[in-house]
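If you read the protein sequences in the order shown, they are chains P and L. For what it's worth, the working numbering labels the leading residue of the first sequence as 1, then goes sequentially. For what it's worth, the working numbering labels the leading residue of the second sequence as 271, then goes sequentially.
No lab work stands behind these hints, which were simulated from the structure alone. The structure displayed is predicted, hence computed values, not measured ones. For glycine and all other residues, C-beta sits at the position ideal for the given N, C-alpha and C. Please note that a few of the clues may not be correct.
Incomplete in silico selection of chain L near chain P, CB under 7 Å [stated by the list, open to error]:
id: 1; residue: Asn321
id: 2; residue: Val324
id: 3; residue: Ala363
Mimicking SDA-like on lysine to any residue, the simulated pairs with C-alpha atoms at most 25 Å apart in a straight line are [as the list claims (entries may be wrong)]:
id: 4; chain 1: L; residue 1: Lys410; chain 2: P; residue 2: Pro110
id: 5; chain 1: L; residue 1: Lys282; chain 2: P; residue 2: Pro16
id: 6; chain 1: L; residue 1: Lys414; chain 2: P; residue 2: Asn111
id: 7; chain 1: L; residue 1: Lys414; chain 2: P; residue 2: Leu195
id: 8; chain 1: P; residue 1: Lys18; chain 2: L; residue 2: Phe287
id: 9; chain 1: P; residue 1: Lys267; chain 2: P; residue 2: Gln197
id: 10; chain 1: P; residue 1: Lys162; chain 2: L; residue 2: Phe287
id: 11; chain 1: L; residue 1: Lys410; chain 2: P; residue 2: Pro196
id: 12; chain 1: P; residue 1: Lys18; chain 2: L; residue 2: Ser416
id: 13; chain 1: P; residue 1: Lys267; chain 2: L; residue 2: Asn285
id: 14; chain 1: P; residue 1: Lys267; chain 2: L; residue 2: Phe287
id: 15; chain 1: L; residue 1: Lys282; chain 2: P; residue 2: Lys267
id: 16; chain 1: L; residue 1: Lys410; chain 2: P; residue 2: Gln197
id: 17; chain 1: L; residue 1: Lys282; chain 2: P; residue 2: Pro110
id: 18; chain 1: L; residue 1: Lys414; chain 2: P; residue 2: Thr173
id: 19; chain 1: L; residue 1: Lys410; chain 2: P; residue 2: Lys267
id: 20; chain 1: L; residue 1: Lys282; chain 2: P; residue 2: Ala203
id: 21; chain 1: P; residue 1: Lys162; chain 2: L; residue 2: Arg364
id: 22; chain 1: L; residue 1: Lys414; chain 2: P; residue 2: Lys18
id: 23; chain 1: P; residue 1: Lys267; chain 2: L; residue 2: Arg337
id: 24; chain 1: L; residue 1: Lys282; chain 2: P; residue 2: Ala33
id: 25; chain 1: L; residue 1: Lys282; chain 2: P; residue 2: Glu177
id: 26; chain 1: L; residue 1: Lys414; chain 2: P; residue 2: Val14
id: 27; chain 1: L; residue 1: Lys414; chain 2: P; residue 2: Pro110
id: 28; chain 1: L; residue 1: Lys414; chain 2: P; residue 2: Thr112
id: 29; chain 1: L; residue 1: Lys414; chain 2: P; residue 2: Lys162
id: 30; chain 1: L; residue 1: Lys414; chain 2: P; residue 2: Ala203
id: 31; chain 1: L; residue 1: Lys414; chain 2: P; residue 2: Arg268
id: 32; chain 1: L; residue 1: Lys282; chain 2: P; residue 2: Lys18
id: 33; chain 1: L; residue 1: Lys410; chain 2: P; residue 2: Arg240
id: 34; chain 1: L; residue 1: Lys414; chain 2: P; residue 2: Leu98
id: 35; chain 1: L; residue 1: Lys414; chain 2: P; residue 2: Glu177
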Amino acid sequence: MTAIGALGAVTANVRPVKPRQRGKVVATLLVLAAITVWAGLGVQIDLPEIVANFSNAVGNVVQLTQPDYGFFPKTIPALVETVDMAVIATVIGSAISLPIAFFASRATNPNTWLLMGLRFVMNLIRSIPDILLAAILVAVVGVGALPGIMALVIFNIGIIVKLVSEALDGEDTGPHEAALAAGASWLKAGRSAMLPQILPAYASQVLYTFEINIRASTVIGLVGAGGLGILIDNVRSFFRYHELSLIILEILLLVVLLESFSAWLRKRLI
Amino acid sequence: MADIQFNHVGVKYPNGFVGLSDVTLDIPAGSMVGVVGLSGAGKSTLIRSINGLVPISSGELNVGDHRLSNARGRELRQLRSEVGMIFQSFNLARRTTVLNNVLMGRLHHTSAWRSLLGAWQHDDVELAMSALERVEIVSKAYEKASSLSGGQQQRVAIARTLAQQPQIVLADEPVASLDPPTSHVVMRDLQRINADLGITVIVNLHFLDLARTYCTRLIGMREGRVVFDGAGADADERVFESIYGRSLTAADVLEAKAEL
Ligand SMILES: Nc1ncnc2c1ncn2[C@@H]1O[C@H](COP(=O)(O)OP(=O)(O)OP(=O)(O)O)[C@@H](O)[C@H]1O
Ligand SMILES: [Mg+2]
Numbered sequence: 001m002t003a004i005g006a007l008g009a010v011t012a013n014v015r016p017v018k019p020r021q022r023g024k025v026v027a028t029l030l031v032l033a034a035i036t037v038w039a040g041l042g043v044q045i046d047l048p049e050i051v052a053n054f055s056n057a058v059g060n061v062v063q064l065t066q067p068d069y070g071f072f073p074k075t076i077p078a079l080v081e082t083v084d085m086a087v088i089a090t091v092i093g094s095a096i097s098l099p100i101a102f103f104a105s106r107a108t109n110p111n112t113w114l115l116m117g118l119r120f121v122m123n124l125i126r127s128i129p130d131i132l133l134a135a136i137l138v139a140v141v142g143v144g145a146l147p148g149i150m151a152l153v154i155f156n157i158g159i160i161v162k163l164v165s166e167a168l169d170g171e172d173t174g175p176h177e178a179a180l181a182a183g184a185s186w187l188k189a190g191r192s193a194m195l196p197q198i199l200p201a202y203a204s205q206v207l208y209t210f211e212i213n214i215r216a217s218t219v220i221g222l223v224g225a226g227g228l229g230i231l232i233d234n235v236r237s238f239f240r241y242h243e244l245s246l247i248i249l250e251i252l253l254l255v256v257l258l259e260s261f262s263a264w265l266r267k268r269l270i
Numbered sequence: 271m272a273d274i275q276f277n278h279v280g281v282k283y284p285n286g287f288v289g290l291s292d293v294t295l296d297i298p299a300g301s302m303v304g305v306v307g308l309s310g311a312g313k314s315t316l317i318r319s320i321n322g323l324v325p326i327s328s329g330e331l332n333v334g335d336h337r338l339s340n341a342r343g344r345e346l347r348q349l350r351s352e353v354g355m356i357f358q359s360f361n362l363a364r365r366t367t368v369l370n371n372v373l374m375g376r377l378h379h380t381s382a383w384r385s386l387l388g389a390w391q392h393d394d395v396e397l398a399m400s401a402l403e404r405v406e407i408v409s410k411a412y413e414k415a416s417s418l419s420g421g422q423q424q425r426v427a428i429a430r431t432l433a434q435q436p437q438i439v440l441a442d443e444p445v446a447s448l449d450p451p452t453s454h455v456v457m458r459d460l461q462r463i464n465a466d467l468g469i470t471v472i473v474n475l476h477f478l479d480l481a482r483t484y485c486t487r488l489i490g491m492r493e494g495r496v497v498f499d500g501a502g503a504d505a506d507e508r509v510f511e512s513i514y515g516r517s518l519t520a521a522d523v524l525e526a527k528a529e530l
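Pulled out of the complex, with its shape left as it was, chain L reads as follows (with noise of 0.2 Å):
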């Protein structure tokens, strides 16, 4: 199974500004883990190095059978194909309809003149009905992306990390643009994966309390280090305070409940 490993990761950009320093950490398939901290902290990084988004500079990173550091080219693919990943703001292509957004998930498994010709696998297209079911906005597939409003673009966004059929999916701060009820939706959709697929979610989060309620356990990040790591219900006052560096305010938390 697609277990991730930090050992001592390490990651320099290339301006010289260190983004993660020393990172260990052992994050099992099948894990739901929010990871919090200030803006700045190395969320993303984090994040982003489990996909090669980002590359590590030192230490080793292990994501199931593979090893980021000498990963490239085709074996990154491979990779990726495994990982879903989720946005902040979505990055649909608004142009084209929601279904090929969706099938973009399955454009590792397409052969290149099949995608250059835009002529999908009726396997594929079937595949990514279904994962637009999942998240329950199906009707709007022949619709353009354009059209949907912020939650629904993030819901066709999840899709198409299902239309990839990720071991791992890994979302960086996605309801940071959505208001508190569509929050929760996104939220739940992230959960419901986790619980039904066995799918490792990753999730950056701004608020404290979302990551709380939906969360295993918690990552806490400040200026490249993992700061906190464990149950979200050990997260008290203090380790608030190692992670962000002074006490809760209403600013931090995300109060409305989901409208159902």
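Just chain P, same shape as in the assembly (with noise of 0.2 Å):
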């Protein structure tokens, strides 16, 4: 340690200046503002109107209020599917991106240009709505549980990827080094050095696209991607409120217990 001064001494014992930043903050809070200011008026908010329309809405939401226990019996094949959506998304969506994840990473890929391909691509996928994807893939493979799974798939891959391969960023280099220097090409210092020791991630990130799921696999039928969304979308088209209500009952049962279960999961695994 005294060696450090003693060498700074001659070296570079001199003090930087500090960098300024006043001048972007300032920009950043304008800019904020005026999107703030132009996304009120874009949307037109409109108060008496709600007013307005206030007694129609009571009515409704008083149904909403009675669910039809009595239609129970006939949601269950939708909520099976529901479930099974999400289960087979998330297995399938996980064991793909975890390869991918390797090589969307610095630390595990040395190539720049496949690096910010695939991170681009990912993005490109993350910025689609999950609801939207599922919309295209039922216009190209039909109305069902298929195009559903695989609006998921693709969505968690944009996940996944990002999330491990931002663990596998943060994560110390020092072993894969080890191994990249014991002669290993880094596909094998990339599984042997590090993927040990960003599994408690994955895992974790796993269970979080689970949850994401449930919750996406209740809506994405909106548009014919299977589910209990098909359900809802046939019954709110003929105002059948308590039937609806029962069904939100039933995601919102579903999504909370799953959601739970995968939480009390995840604090195990860290």
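Each of the two chains sits in its own frame; use the hints to bring them together as a complex.
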């Protein structure tokens, strides 16, 4: 430690100038304020109209608080399909994502072009809303659970690759360097030195994605991609609010139950 | 055999900083060399150029049959498999077992699909186990690396390089994170590797007395140049000043002796 001081005294013991950032901060705040005002004007929130429709809305809300429990047996197949879709999509999506994540991290992929290309594609995928993805796939492969699963898988790859490659980026690269120094290729070094380090993070991301899938799979059906969503679309177009109410209740229970299960599991992992 | 020859070697980092300049050295196979110098003198740069972790920018560097300046891809990996490396911070994958860490020394000889599946060959596991036996830590083989003490982790790292069956071992301040007694244990391990297996050992050290005790040859570095090269016994006060630019102080020696 004394050694550092001694050398520093000769070569580089000059205080650097503090970099100025104030201009950037002010500019950022101004831009944010401008966007907020513009957005408020854009959506044209109309308070008087909300008041005018109030009585109508009250009637519907009352219906919504009275679920038609007799409808339950008819919702079972859709309920099961929703869970199936979420589970299948999570399994396939996370399996495909793991190797891709290694190519999307600077820590495990030295090829800058491949890295940039992959990250670009992943950003693109993530920027497409899941329900839009489902709508497109329904148009391509037809109504049913299949386009729903496909949409979720693509959506999941976007999420998991991002999160896991970021976990890799943040990981200590020492063991990886040691493997490279022993003559391993990048692929082998990534598998042996980095994978064990990020496995808990990966498992946690997979569960997190499962939670997202449960929620998403209940709604992507609205565009015909299977599960409870299709049912919602049916009862809603016939104004059967008692039945809609039951479906919403089911979704609520499903999401809360599975999410708390998954959260409990995640806590045990870390 | 794997002699190491530096011929007017220079290293310039991408930011333009000169890490090594005009280094000429001849390190015959089987040497036990200590490299000393101030922080920033270029000790790590010197050692890391030998296995290509830092590319050289001028001169000629030969390690055994390999010439560093044109070694890349497959040839560089071949060279690296013959050269083990030990780090100050051990660089173990802490979340996996000690055995898996040692087996990383066998990755070069393991096919891609076997490494992906973790399906190690029996011979390689055997090699890893006997490497762990040599550093007397085989009883921890199936424990997580993170559960070991610093000294134990460094010995696992030594076992990892031994599993490579290397001709050369490079050690970059292997004892800088360890307490004095443990430092001596690790240094003795390195000394034994050199004496028993005939492996060339090049070790960077902060403490002059450690280098004198365990190495037969001392290389002193300052500002990227070799300013001393000779037997430890010849490193007197004047030599010391040429390396450190000042006289010896208590901070430069590690006095505690090993507990056996
Ligand atoms: N990647 C790099 N890019 C630019 N400069 C570097 C890089 N690595 C090292 N250096 C510089 O090269 C010089 C020599 O560094 P080196 O790590 O070889 O020193 P060292 O003798 O090992 O010091 P220490 O005892 O602190 O480990 C230092 O001044 C350092 O700042
Ligand atoms: Mg160093």
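Hint-by-hint comparison with the structure:
no. : hint                 : verdict
1   : Asn321               : holds, 6 Å
2   : Val324               : violated, 11 Å
3   : Ala363               : holds, 4 Å
4   : L:Lys410 to P:Pro110 : violated, 34 Å
5   : L:Lys282 to P:Pro16  : holds, 24 Å
6   : L:Lys414 to P:Asn111 : violated, 32 Å
7   : L:Lys414 to P:Leu195 : holds, 15 Å
8   : P:Lys18 to L:Phe287  : holds, 23 Å
9   : P:Lys267 to P:Gln197 : holds, 17 Å
10  : P:Lys162 to L:Phe287 : violated, 35 Å
11  : L:Lys410 to P:Pro196 : holds, 18 Å
12  : P:Lys18 to L:Ser416  : violated, 39 Å
13  : P:Lys267 to L:Asn285 : violated, 44 Å
14  : P:Lys267 to L:Phe287 : violated, 47 Å
15  : L:Lys282 to P:Lys267 : violated, 48 Å
16  : L:Lys410 to P:Gln197 : holds, 19 Å
17  : L:Lys282 to P:Pro110 : holds, 21 Å
18  : L:Lys414 to P:Thr173 : holds, 18 Å
19  : L:Lys410 to P:Lys267 : violated, 28 Å
20  : L:Lys282 to P:Ala203 : violated, 42 Å
21  : P:Lys162 to L:Arg364 : holds, 24 Å
22  : L:Lys414 to P:Lys18  : violated, 44 Å
23  : P:Lys267 to L:Arg337 : violated, 51 Å
24  : L:Lys282 to P:Ala33  : violated, 48 Å
25  : L:Lys282 to P:Glu177 : holds, 21 Å
26  : L:Lys414 to P:Val14  : violated, 45 Å
27  : L:Lys414 to P:Pro110 : violated, 29 Å
28  : L:Lys414 to P:Thr112 : violated, 34 Å
29  : L:Lys414 to P:Lys162 : violated, 28 Å
30  : L:Lys414 to P:Ala203 : holds, 19 Å
31  : L:Lys414 to P:Arg268 : holds, 18 Å
32  : L:Lys282 to P:Lys18  : violated, 28 Å
33  : L:Lys410 to P:Arg240 : violated, 66 Å
34  : L:Lys414 to P:Leu98  : holds, 23 Å
35  : L:Lys414 to P:Glu177 : holds, 19 Å
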